Amino acid sequence: MSGNLTELLARAGGPQAPNALAELKRSRERERALEPDELARIATRTGLPEATIHGIATFYEDLREPRGRRHIRLCTGTACFAAGAPQLLRRIAGELGVEPGCCTEDGETSLAEVYCLGLCHSAPALCDGGVIDAGPGLLERVLAERCADVAAPEPASMLERPVLIAKGDWSGLERALTALGPEQLLAELSAAELRGRGGAGFPAARKWQAARAHDAPVRYIVANGDEGDPGSYIDKYLMEQNPALILEGMALAGYAVGAEQGFILTRSEYPRAKPALEAAIADAQRAGYLGERIAGSDFSFQVEVREGAGSYVAGEETALIACLEGLRATVAARPPYPAERGLYGMPTVVNNVETLANAPFIAREGARSYRALSPGATPGSKLICFNERFARPGLWEVPFGRPLSELCEQLAGGVPGGLKAVQIGGPLGGILPAALLDTPFDFEPLAAVGCMLGHGSIVAFDQATDMRALAAHLLRFGARESCGKCFPCRIGLQRARERFEGCQPPVRGELEDLLAALELGSLCAHGSGIAAPLRSLIEHYPRELGLDER
Amino acid sequence: MSAERGEPIRAEQCDSVRVCLDGGWLEVGVGETILQAAERAGREIPTLCFDRRLAPFGACRLCLVGVQGAGAPLPACTTRCHDGMVVDTTDERARRVVRTVLELVLSELPGDPLPGSELDVLARRLGVARSRFAGRTHERRHDERHPYLLLESELCISCGRCVRICDELQGAFALTATGRGFDASIAAGLDSGFANSSCVSCGACAHTCPTGAIRERLDTL
Ligand SMILES: Cc1cc2nc3c(=O)[nH]c(=O)nc-3n(C[C@H](O)[C@H](O)[C@H](O)COP(=O)(O)O)c2cc1C
Ligand code: SF4
Ligand code: SF4
Ligand code: FES
Ligand code: FES
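Protein sequences, first through last, are from chains A and B. For the first sequence, my numbering assigns the number 2 to the initial residue and increments by one for each residue that follows. For the second sequence, my numbering assigns the number 54 to the initial residue and increments by one for each residue that follows.
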């Protein structure tokens with residue numbers, strides 16, 4: 002985003018100014034279509050140019066898709082793909098007489114696709130108005146207009162004493178304020194070697210130190226709750242069922258880096274997350290853990306929750322910042338990194354919500370106890386989740402370093418239809434054939450087999466899965482979600498998608514050039530990462546892909 | 054002195070750094086990008102989204118170069134030089150990506166690039182005449198409501214130069230990027246055309262546009 006737009010935002014009041022995306026979302030709820038008059042009013046209210054408002058309104062899926070009085074969104078994310086969502090989509094479209102992405106002429110019913118509602122354990126999933134339903138009998142319930150909310154599975158832990166599924170109780174912050182101080186807290190975090198859980202595995206302490214080192218009137222803590230990975234419902238669990246732990250982690254980050262304001266970005270596909278976090282914020286304020294002079298110290302900290310509007314790339318940290326500012330969630334070239342110039346131009350720590358949820362334990366029990374959770378592997382523990390193809394899908398807290406086969410068999414009960422392959426860590430993660438399932442679940446061993454730990458989702462494909470259809474599915478996701486900024490991803494993913502959706506066999510040489518352009522040329526890990534599962538498929542299932550070897 | 058011990062000189066300690074460009078060493082100012090250094094050395098690096106009047110954007114990726122020690126090619130326009138950096142503008146991996154990206158760009162247009170446009174000249178210079186990547190192209194959409202400015206959306210490659218020059222140089226904020234992914238484009242005002250936007254008719258967008266998607270009308274001269 003341009004410096005001048007940052008300046009305009011600052012002039013309008015920065016974080017206090019009316020947020021353009023929030024205004025657009027509100028209008029959209031009321032009016033079903035965003036008319037030019039309304040956009041012009043929003044421009045006036047936010048102090049932003051009309052063109053800028055138009056640009057935002059055409060970026061986010063929630064603002065773009067046509068909406069009827071009854072708005073149905075079927076998930077076609079990877080877990081739902083594995084459970085037959087594409088076929089279900091065609092059935093629903095046929096029965097209701099409305100094409101996906103369209104609205105009936107009378108304005109009554111609209112049908113849209115959505116990427117992941119966080120019910121991957123009961124896939125396929127669907128959102129009918131405000132109700133989120135999933136699982137067997139879904140078609141019948143949609144047609145009878147009798148959808149009902151589905152409950153989340155109870156989380157479980159392999160740890161003797163759970164860390165991430167134990168409810169937050171603010172004891173870590175209390176210890177930091179009374180016994181540690183910011184420097185000692187940073188030292189503990191550094192010794193704990195906490196690695197980011199949002200995908201890249203970057204050391205959290207280094208980010209915190211960098212933000213602290215940059216001189217500025219204010220600093221911000223941003224919790225990334227955008228969990229866009231289809232197949233993942235880890236952050237959903239944390240935000241909806243253990244929000245205090247995230248808030249405590251944010252407050253600790255604030256204390257360590259000298260920030261007094263935090264923001265969480267939740268996604269609109271998880272409508273319960275924002276209210277749950279807001280209720281937890283109110284509780285914490287009442288208990289004196291958020292607000293002015295926390296627990297009698299001179300540390301003050303506030304948290305505000307903002308919600309996105311349908312964009313995968315909004316989870317990328319520079320796009321996330323733009324989204325929080327209410328702008329188009331496109332990626333910005335780094336440097337500058339957010340720790341130097343982030344939200345509203347100020348030094349900002351961006352951490353995944355699960356990363357932050359580790360901080361209270363470290364503050365309370367120290368780095369040594371933390372490292373002991375996963376002997377001989379990456380310190381700490383990890384939340385993982387299994388999709389509906391498993392016999393016992395659900396959410397687990399596990400130590401690092403266990404073989405995937407143990408996790409898939411013992412925790413999730415294996416795959417009744419016979420396991421063909423798993424995709425780990427979201428759409429940008431490689432695909433591991435069943436034969437390699439003895440790979441340990443940890444950053445480096447997974448990277449060695451062309452996969453990644455990513456955010457920790459494990460999506461199984463059973464023997465019936467057509468790997469060429471899977472390639473087309475992933476590329477379609479990539480192309481639809483591309484932010485459109487850099488050329489290799491903007492054009493390359495469209496072309497790659499066309500190659501696999503068409504009837505012609507993709508030509509090997511062209512595909513190799515396309516993948517190289519994506520991997521080496523893309524501005525962010527969306528474009529470069531989508532190449533990883535394609536590489537796996539080419540390596541392990543060349544015949545099924547039906548490549549033209551010319 | 055840290056330099057004597059063979060450690061890199063920290064940026065604060067001096068106002069210039071030395072970089073090696075295709076085998077020759079040169080001195081560049083602290084904070085200068087590889088593109089600026091190359092220009093000074095008289096080396097031409099292809100660019101499409103770059104305009105020296107604007108902040109670097111890093112979108113087209115045509116300026117990719119090899120940098121010793123970096124895992125992948127780096128964009129010359131957004132990468133700052135550091136002392137001892139070894140840059141190779143002929144890096145094979147970078148050249149391969151650049152050719153592919155240029156082919157991709159040609160593939161999004163419904164026809165050949167506008168003769169004489171920056172894109173046309175660049176494609177000829179790099180010897181990329183046609184694209185292997187046929188597929189969907191941008192829909193024909195013309196805005197001819199403004200007396201002097203013409204927008205032909207199907208020629209737009211979303212380099213963002215028009216939007217940025219309107220914002221950064223003119224301060225008029227008449228333009229925006231629209232949509233996303235392959236459907237990304239640009240629009241004036243609330244997609245209401247230049248004539249019905251905060252456009253001040255300065256023509257900066259037409260001047261910077263590398264494809265002629267926005268250009269001055271000849272029929273009204
Ligand atoms: C396309 C894309 C999507 C991303 N989505 C998310 C996301 O949903 N949640 C998340 O925490 N990080 C996401 N990331 C990673 C963030 O850019 C960033 O690295 C992360 O939030 C940093 O937190 P961590 O260091 O605690 O992991 C995404 C990155 C990319 C390139
Ligand atoms: S790789 Fe894709 S998502 Fe990332 S900046 Fe480029 S266009 Fe946007
Ligand atoms: S109209 Fe021209 S300058 Fe503007 S984004 Fe398109 S190609 Fe670039
Ligand atoms: S609910 Fe469909 S992929 Fe998660
Ligand atoms: S000129 Fe460097 S990315 Fe476009």
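It is possible that part of the hints are untrue.
What the hints assert, rightly or not - What follows is a list of derived Cβ distance ranges for each label pair:
hint: 1; chain 1: A; residue 1: S298; chain 2: B; residue 2: L79; range: 51 to 57 Å
hint: 2; chain 1: B; residue 1: L271; chain 2: A; residue 2: A217; range: 36 to 42 Å
hint: 3; chain 1: A; residue 1: C504; chain 2: B; residue 2: N249; range: 20 to 26 Å
hint: 4; chain 1: A; residue 1: E36; chain 2: B; residue 2: P163; range: 39 to 45 Å
hint: 5; chain 1: A; residue 1: Q88; chain 2: B; residue 2: R194; range: 32 to 38 Å
hint: 6; chain 1: A; residue 1: P543; chain 2: B; residue 2: R146; range: 19 to 25 Å
hint: 7; chain 1: B; residue 1: A125; chain 2: A; residue 2: E106; range: 31 to 37 Å
Unchecked claim - Residues from chain A shown here face chain B by an in silico Cβ test under 8 Å; the list is partial:
hint: 8; residue: L40
hint: 9; residue: T45
hint: 10; residue: G48
hint: 11; residue: A52
hint: 12; residue: R329
hint: 13; residue: P337
hint: 14; residue: R469
hint: 15; residue: S483
hint: 16; residue: G485
hint: 17; residue: F488
hint: 18; residue: Q495
hint: 19; residue: A517
hint: 20; residue: G522
hint: 21; residue: A526
Hint data in this document are derived by calculation from the structure and do not stem from the laboratory. Just so we're clear, the structure is a prediction, and the values are computed from it rather than from any experiment. No residue lacks a Cβ here, since even glycine has one placed at the ideal position from N, Cα and C.
Right, here's what the structure says about each hint:
| no. | hint | result |
| --- | --- | --- |
| 1 | A/S298 x B/L79: 51 to 57 Å | 53 Å, holds |
| 2 | B/L271 x A/A217: 36 to 42 Å | 50 Å, violated |
| 3 | A/C504 x B/N249: 20 to 26 Å | 44 Å, violated |
| 4 | A/E36 x B/P163: 39 to 45 Å | 31 Å, violated |
| 5 | A/Q88 x B/R194: 32 to 38 Å | 35 Å, holds |
| 6 | A/P543 x B/R146: 19 to 25 Å | 23 Å, holds |
| 7 | B/A125 x A/E106: 31 to 37 Å | 50 Å, violated |
| 8 | L40 | 5 Å, holds |
| 9 | T45 | 12 Å, violated |
| 10 | G48 | 11 Å, violated |
| 11 | A52 | 4 Å, holds |
| 12 | R329 | 7 Å, holds |
| 13 | P337 | 10 Å, violated |
| 14 | R469 | 18 Å, violated |
| 15 | S483 | 4 Å, holds |
| 16 | G485 | 3 Å, holds |
| 17 | F488 | 5 Å, holds |
| 18 | Q495 | 4 Å, holds |
| 19 | A517 | 6 Å, holds |
| 20 | G522 | 4 Å, holds |
| 21 | A526 | 12 Å, violated |
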